[in-house]
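Protein chains in written order, with our numbering: chain A, 1 to 169; chain B, 1 to 186.
Do not rely on the hints blindly, as some may be mistaken.
[Said to hold, decoys possible] Computed Cβ-Cβ distance ranges for the label pairs, DEER-style:
1. Ala133/B / Arg29/A: 28 to 38 Å
2. Lys161/B / Asp32/A: 52 to 62 Å
3. Arg129/B / Ala21/A: 28 to 38 Å
4. Leu94/A / Ala133/B: 22 to 32 Å
5. Arg90/B / Pro19/A: 37 to 47 Å
6. Leu116/B / Arg23/A: 20 to 30 Å
[Said to hold, decoys possible] Here chain A is said to cover these stretches of chain B; the calculated rule only asks that three of the stretch's residues, wherever they fall, bring their Cβ under 8 Å from a Cβ of chain A:
7. 40-53
8. 60-71
9. 140-148
These are computed hints drawn from the structure, not numbers from a lab. From the three backbone atoms N, C-alpha and C, an ideal C-beta is built for every residue, glycine too.
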Amino acid sequence: MSIDEQNWLALRYVLDELPDAERDSFEQRLVDDPSLCEAVMKASRLVLTSRAALQPEVSLAAPAADRTGPSRRSSWLAICAASISAAVMALFALQISLSTRPSTSVAHHDPAAAELVSLWHSGSGDDSEADDADGDLADGPGDVSVPGWMLAAVSLESANDPGDKVQEN
Amino acid sequence: MANDDGDPTPSGQPIPPERLSSEAVRALYAQHGRDVLTFLAGVLRNQDSAADVCQATFQRLLESGHTAKSETIRGWLFKVAFHEAMEYRRKGARGDKVLQDYGSTSNSEVTLDLPLQSLVRAEEVARLRELLAELPADQRHVVQQRIHEGKTFVMIADELKVPLGTVLTRMRLAVEKLRAWFGRDK
């Protein structure tokens, strides 16, 4: 048998492409034929390397000693980046929550301050809202129009002390 | 009797002087271990099983490798590896419980703990990828279908609607080219 014939037979054996009888005969020869064992070894290496080469992405299992720093460093950087991002988002969320609740906390503790705050809010371009509030509440000619800021202050006061009754005309 | 190293066994009895030392076995493992493992992967078609049998093979080398001539130690290793592989396959056929006992080396006073060998090397993969790209399209297709997709030659012939002999010829020509380019006897 030529070397090429032997190599081809060994490849078919590795690929499990030999008929049963031919496979048994081949294995009988392997017991005492080191050159045939070498052919099987080379065929096996070719198949294993080809299988890895034909994959879209090759991932080779490296021995533990070959695992270098960059892979650990990149994972550490990823963890740091994620932590920083989470912290920034938390601060941003906190900033938003603080900026949207300027008056409630003040009104809860100091009604006079709440009135001032509501005055400040109404003074920052809320005339249209005040007009709308006035319009909504107007029951008819001769009624007093109550400015919006006063209503806001009153509602804050009543929220803090339900016992006070405010009569609205 | 004690060997040159004077290493006693755990039972207190000296190791016969003819036996190979652990260091000698480890040196032979570094030299031949990858090839033996690759051979076993081709016989057993399972890399985990091949690793188990490879360890057992070199354990046998420790126990009785002194009987082999140094110039034929490689052939001796392949022979023992194949014998161990057949034994492993026979025990596997008898059931998983028996197979679990395969790994225990009951008669050895010293147990080897050999490092894992990598079957595939990155530089070889890179080189082979280039060589596969240079194959004729029909040969490359057969190689890809058989080795990567895992289809049998019969299935490939059916899909391509060509005779089985045509598929086998394309595969054989491709492999001969790859072996020639890849490096003979590599």
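Hint numbers contradicted by this structure: 2, 4, 5, 8
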